[in-house]
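K.L.:
Residue numbers (the numbering used here): 1 to 359.
A hint or two may mislead.
As the list claims (entries may be wrong) - Within a straight-line C-alpha distance of at most 25 Å, the following computed SDA-like cross-link-like pairs (lysine to any residue) qualify:
1) K230 x P243
2) K199 x P137
3) K333 x L94
4) K311 x P137
Claimed, not checked - What follows is a set of in silico ranges between Cβ atoms, one per label pair, in the way DEER data are often shown:
5) D123 x G165: 26 to 32 Å
6) G343 x Y29: 40 to 46 Å
7) K259 x S334: 41 to 47 Å
Derived by calculation from the structure, the hints in this document are not laboratory data.
C-beta atoms are modelled at their ideal positions from N, C-alpha and C, and glycine is treated no differently.
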Amino acid sequence: MKTAYLLALIPASLLITGCDDTESELCRYYVQNDLDKGKFESAIARLADESCQQTYPTNEYLVDVSSAYLGKSGLTLPVILRAMIEDETATEALTFESFVAEITESATPTALSDLDISRSSLDEYLETTSCKSIEFPTSAQKTVCLITGFIDVLKTTMAIDALTGGNVAAWAANTNGDNPSMLRSSCALKYSYEHKSDKNFSTPYNNCEVGVTVDNSEAVTFTASNGSEKTYNYLTISYQGEPEYFLESTVLGSTIFTKNYCEVDYAVCTDTDLNTCYTCPLSQSEQDLNIKDYLLDALNSGFDSIEAVIKNSGQDSEIDIQQSIDDFKLEIKSEGCSAVPEGEDCFTMDDIINYLNKQ
Numbered sequence: 001m002k003t004a005y006l007l008a009l010i011p012a013s014l015l016i017t018g019c020d021d022t023e024s025e026l027c028r029y030y031v032q033n034d035l036d037k038g039k040f041e042s043a044i045a046r047l048a049d050e051s052c053q054q055t056y057p058t059n060e061y062l063v064d065v066s067s068a069y070l071g072k073s074g075l076t077l078p079v080i081l082r083a084m085i086e087d088e089t090a091t092e093a094l095t096f097e098s099f100v101a102e103i104t105e106s107a108t109p110t111a112l113s114d115l116d117i118s119r120s121s122l123d124e125y126l127e128t129t130s131c132k133s134i135e136f137p138t139s140a141q142k143t144v145c146l147i148t149g150f151i152d153v154l155k156t157t158m159a160i161d162a163l164t165g166g167n168v169a170a171w172a173a174n175t176n177g178d179n180p181s182m183l184r185s186s187c188a189l190k191y192s193y194e195h196k197s198d199k200n201f202s203t204p205y206n207n208c209e210v211g212v213t214v215d216n217s218e219a220v221t222f223t224a225s226n227g228s229e230k231t232y233n234y235l236t237i238s239y240q241g242e243p244e245y246f247l248e249s250t251v252l253g254s255t256i257f258t259k260n261y262c263e264v265d266y267a268v269c270t271d272t273d274l275n276t277c278y279t280c281p282l283s284q285s286e287q288d289l290n291i292k293d294y295l296l297d298a299l300n301s302g303f304d305s306i307e308a309v310i311k312n313s314g315q316d317s318e319i320d321i322q323q324s325i326d327d328f329k330l331e332i333k334s335e336g337c338s339a340v341p342e343g344e345d346c347f348t349m350d351d352i353i354n355y356l357n358k359q
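Turn these sequences into a full structure, and let the hints guide you.
P.N.:
If you want it as structure tokens, here you go:
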């Protein structure tokens with residue numbers, strides 16, 4: 001696969017922190033050694049030390065923090081490039097579905113939070129969450145914006161994985177648009193997204209795919225050990241007589257990432273049939289990781305950031321990555337994005353939900 005050319009766009013000063021093995025540079029040397037050897041948790045531990053951070057110029061240590069968490073997620077740059085660029089020897093065409101499937105196979109169990117930290121570290125380095133706000137970016141800023149674009153696209157694959165109940169392969173193989181997990185999950189997302197703009201929603205809610213219903217919504221408040229509270233709507237959504245449960249954040253207008261079942265004090269449930277057990281928020285004391293941010297916002301910003309950098313790279317081979325993105329856009333949205341006014345996002349929530357349900 002042709003990945004070398006894109007890696008060549010990334011200056012060594014950002015991917016590899018070159019330094020002499022002197023006392024003042026010693027921590028940076030060990031961090032780079034950890035990154036080279038895949039010892040990502042060791043690099044993260046070193047970079048948490050303020051004395052180590054001070055061996056870097058200004059805030060450049062944040063780039064290594066991002067690299068370490070990206071590595072910890074299992075989704076390094078070579079992994080995403082191999083998945084995104086068409087292999088000339090491949091027997092099957094590259095699609096966004098196959099891209100998602102390949103990426104999720106490489107992701108570690110902590111990928112969701114790792115990607116979030118990796119992205120936020122680069123935001124802190126750039127001092128902005130949007131590369132569009134940088135009027136005259138330096139070469140270093142362009143490079144970091146490219147990496148943020150890749151991270152955002154990775155976040156989207158993680159959201160799709162969650163919506164399928166961790167079974168992307170089954171969703172990708174289903175050509176009828178009747179994957180039960182996706183139907184329930186996308187209905188929960190649509191309900192939450194529309195509910196934010198219309199507080200008068202009531203259940204049952206049937207404005208989803210045929211046969212999918214939001215049967216019930218009840219408020220539930222979780223309390224962490226430090227006393228902090230989080231309140232959600234606990235949604236019951238059924239399809240073919242089988243219910244599935246989701247947590248809706250009315251503030252975010254989205255469902256949130258959850259894992260397993262727990263009581264309202266986050267104690268893990270051993271018997272999920274108990275009335276005191278709920279699907280459990282993935283984040284407890286921290287800010288919620290929500291599906292809309294990972295799915296819709298990340299996909300729009302991810303493609304935008306990557307295209308903004310590679311279109312001016314001067315590399316003949318940039319057509320490969322651009323072609324993949326163009327094909328992905330047409331796969332997700334049949335009319336593509338050419339008619340979308342400049343400055344507006346290509347994809348809407350309806351576009352994404354229709355794509356996920358093979359409409």
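K.L.:
Decide, hint by hint, whether the structure agrees.
P.N.:
Status of each hint after checking the structure:
Proposed proximity of K230 and P243 is supported: the alpha carbons are some 24 Å apart, at most 25 Å. Proposed proximity of K199 and P137 is contradicted: the alpha carbons are some 41 Å apart, above 25 Å. Restraint check for K333 and L94: satisfied, since their Cα atoms lie roughly 16 Å apart, inside the 25 Å limit. Note on K311 and P137: the hinted pairing holds, with a Cα-Cα distance of about 14 Å set against a maximum of 25 Å.
Distance hint for D123 and G165: a CB-CB separation of about 30 Å, consistent with the stated range 26 to 32 Å. A hinted range of 40 to 46 Å holds for the C-beta pair G343 and Y29, which are about 44 Å apart. Distance hint for K259 and S334: a CB-CB separation of about 34 Å, inconsistent with the stated range 41 to 47 Å.
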